[in-house]
Every structure is written in structure tokens, then in C-alpha cells.
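K.L.:
One-letter residues, chain by chain:
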Amino acid sequence: DTGVSQDPRHKITKRGQNVTFRCDPISEHNRLYWYRQTLGQGPEFLTYFQNEAQLEKSRLLSDRFSAERPKGSFSTLEIQRTEQGDSAMYLCASSPRPPTTDTQYFGPGTRLTVL
Amino acid sequence: DAKTTQPTSMDCAEGRAANLPCNHSTISGNEYVYWYRQIHSQGPQYIIHGLKNNETNEMASLIITEDRKSSTLILPHATLRDTAVYYCIVRVALSSSGDKLTFGTGTRLAVRP
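As they're listed, the protein sequences go chains B and C. Numbering follows the numbering used here, with no gaps: position 52 of the first sequence is 52. Numbering follows the numbering used here, with no gaps: position 26 of the second sequence is 26.
Just chain C, with the same shape it has in the complex (with noise of 0.2 Å):
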């Protein structure tokens, strides 16, 4: 799997929007960029991943750079509750073999009153 990189720590203030970046310059072509988050003690919890196109669903919107070497998380109205560590993966996916997840040390994002 590709590696990524990702910023440590990010804030943001409630109620706006976080964006949270991701670079993955040794992207295969045959492999997604994945977004999970993981809230203090709890497991980590599937957001949205994409292979080329945008992707938007009811809890995030993902932008992927046209030549695929970054991404873009972005959270349109953050609140307290989406307080989290953010793991950007990439793994080849629907494989007939299955593949595991490689995390990284993840973004830590706080939002602020």
C-alpha cells in the first residue's frame, strides 16, 4: 500500500468547515483513498472513500486531486462531536484476496467551542 502523509494535529472552530489534507504522491492507479476517523477508545469508523471522482455522503466530502497525488477531507459544519484522530489510507480495493488496512498516526483534529 501507497504511504501517506498527513498533518499531526489541525483545530478548527465549530460550526465551520475542516479540511483535512492528505498526500499519497505514490498512489497506484488501481488503488482508493480511504477516510476513517477513530473518537477517543472507540474503534475506527468508516467515512467515504473514492478512487478518482469527488465523493460527497451525509458525513463528509472527499476532493481528489487530478493527478491523484492528494486528497481532501472536508467536514462542511464541524461540531464537538467530530473531534478525532483522521486516517487517510490507501489500499487497492475489491480485490478477490480481501486487503488490510495500513493506518498511519492519523490527524488529530480538535474543534473549539
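Just chain B, with the same shape it has in the complex (with noise of 0.2 Å):
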């Protein structure tokens, strides 16, 4: 399977705990973007990375969030001190840059839940 992928798929944890999840995209897909999904409600963006270079944050994106692309490939998204309002799924997007077309392409997402 050639898709976006996600790990892991689900993560129960503590409040307060660190947690970090991963995205691989689709390969040679330049843009990857986090989005945040709550029960009911249609994703909401967090942030977006074209390359390496995080090129937007979505006032979502609390102090306790990071998000890293260290070589332009794969992703990481840090929550760190987590709250039960950040329970959530926590959605990856890859697309590819223009000139052909820049779709996106979601992963499976990670489901959180903070107890």
C-alpha cells in the first residue's frame, strides 16, 4: 500500500503524559499537513509543511503541540502535557506540489484518547 500512513492508530494515555504520533506520506509528496478531529465535527487544520519548512500554524496549535519534518519525509506531532480536551483524531494529509495538482491525501489517523 502506497497511501499515507499513520502511528500508531490509537493511543490511550494519562493526562499529563507526552505523546507523539507519526505520519509517512505518500512518497514524493512535498506538502504534509495535521489536521484534529473531534466526535462530530469535521477536521480542523493544525499545521502545514511544505518540504522541511513548517509554513503554517493554525492558532489551534497550543504551546504543548509541535510538530517536526526533519528531512522533508516523514513527520512527527508532539503533544506534550496532555489534557482531555485534546482527546481527539489526529488526521495526516500528503500532496504533491503543483503543477499537475496539489490534492491532498489522508492517512488513517491516530485516535487519542486521554483518560
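Worth flagging that the hints you see were computed from the coordinates, not collected in a lab. Keep in mind it's a predicted model, so treat the numbers as computed, not measured. Ideal placement from N, C-alpha and C gives every residue a C-beta, glycine not left out. Just so you know, not all the hints are guaranteed correct.
Calculated pairs, DMTMM-like style, for lysine to aspartate or glutamate (alpha carbon to alpha carbon, straight line, at most 20 Å) [as the list claims (entries may be wrong)]:
1) C:K52 x B:E44
2) B:K57 x B:E44
3) C:K3 x B:E44
DEER-style ranges, computed between Cβ atoms [claimed, not checked]:
4) C:E58 x B:R15: 42 to 48 Å
5) C:E66 x B:R111: 41 to 47 Å
6) C:S25 x B:N18: 43 to 49 Å
7) C:R108 x B:S66: 33 to 39 Å
Put the two chains together into one complex; each comes in its own frame, and the hints tell you how they fit.
P.N.:
Shown next as C-alpha cells:
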């Protein structure tokens, strides 16, 4: 399967713990996006990378959140000192660079539950 | 990005066409209409997109009105596996700086046996 992959698929943690999620984009897609989705809502944008550069961050991305894409391939999203409000599905998407297309393709997501 | 309006829920019978409407009356000339769907507990799946011409692929057809203020996604022969939340999104595409997707709450389509 050559789609976007995310790991882990599910994570249960206790409040106050740190968690890290990984996203592997489709090969040669230089753009990578993180979104968050809470129950009953559509996904909300968190941050965007073009190659290794983080070009946009949502105000939803508090100081406890950090994302990296060190070599322009896979990306990690870390949440420090988790809170119950962080419980959500974290989605990663990747897209190629124009000119032909920049359609975003999503991974299966990581479902986080903070107890 | 322009705001879109979709019905909260719809249903259709298996084997019949499902027509999902979307209003985007404030769409700009350089914004495309995208459709994604999300089956329960999975990531969103890209379906189709278009600028002003009607588009068709192996999954669906997209009909955009001449004034571009609304569109309809057509699933020609709905199956139970098409039961999902369908999102209509408008965004600037093919930009050099990338552009996020702004999701609404979508239309929950239920396909009945």
C-alpha cells in the first residue's frame, strides 16, 4: 500500500503524559498537513509543511503541541502534558507540488484518548 | 476559503443515484470545489474536484452550475459502502504556497438496503 500511513492507530494515555504520533506521506509528496477531528465535527487544520519547512500553524496549535518534519519525509506531532480536551482523531495528509495537482490524500488517523 | 452549505443528512436506496447538493455562493474565481467523504472512523477520502466544468471519474460525477454558486455530487449507483459523511470544500488550488482544507460538518448519507 503506497498511501499515507500513520502510527499508532490508537493511543490511550493518562492526563499529563507526553505522546508522539508519526506520519509517513505518499512518496515524493513534498507537502504535509496535520488536522485534528473531534467527535461530530469535520477535521480542523493544525499545521502545514512544505519539505522540511513548517509554513503555517493554526492558533489551535498551542504551545504544548510541536510538529517536525526533519528531512522533508516523515513527520511527527508531539503533544506535551496531555489534557482531556486533546482527545481527538489526529489526521495527516500529503499532497504533491503543482503544477499538475495538489490534491490532499489522508491517512487513517491516530485516535487519541486522554484519561 | 468560501463557506459552503450542505444538508445535514440525506438517504437513498441502494442501487439508486445519490445526489448531494452544496451551496457556495461566495466562491471566488480561482477557487475549486472539492468533495471528500469519511467513512466511520477512517480518514477522509478524496472523491473529485472541479473548477467550472462538469467532472466525472470512477467514483462520482460533479456538476457545477454555470454561475458556480452551487454544485452537486452524484454517486450513480449507491451501495451500502457509500454510507459516509460527505464534505464539500472550496479552496484555492495549485498555489505555490499550499492551501489547507476547511471542512464543515458535511452531509451524512445513509444508503438503505
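K.L.:
The structure should be examined with respect to each hint, and the outcome stated for every one.
P.N.:
Hints, one by one, checked against the model:
1. C:K52 x B:E44: violated (26 Å)
2. B:K57 x B:E44: holds (12 Å)
3. C:K3 x B:E44: Holds - the C-alpha atoms of E44 (chain B) and K3 (chain C) are around 14 Å apart, at most 20 Å.
4. C:E58 x B:R15: 42 to 48 Å: Roughly 45 Å apart at Cβ, these two residues keep to the hinted range, so it holds.
5. C:E66 x B:R111: 41 to 47 Å: The hint (41 to 47 Å, Cβ to Cβ) holds, given that E66 (chain C) and R111 (chain B) are roughly 42 Å apart.
6. C:S25 x B:N18: 43 to 49 Å: holds (45 Å)
7. C:R108 x B:S66: 33 to 39 Å: Taking Cβ atoms as reference, R108 (chain C) and S66 (chain B) lie about 34 Å apart, which means the hint holds.
Violated hint: 1 only; the structure is consistent with all others.
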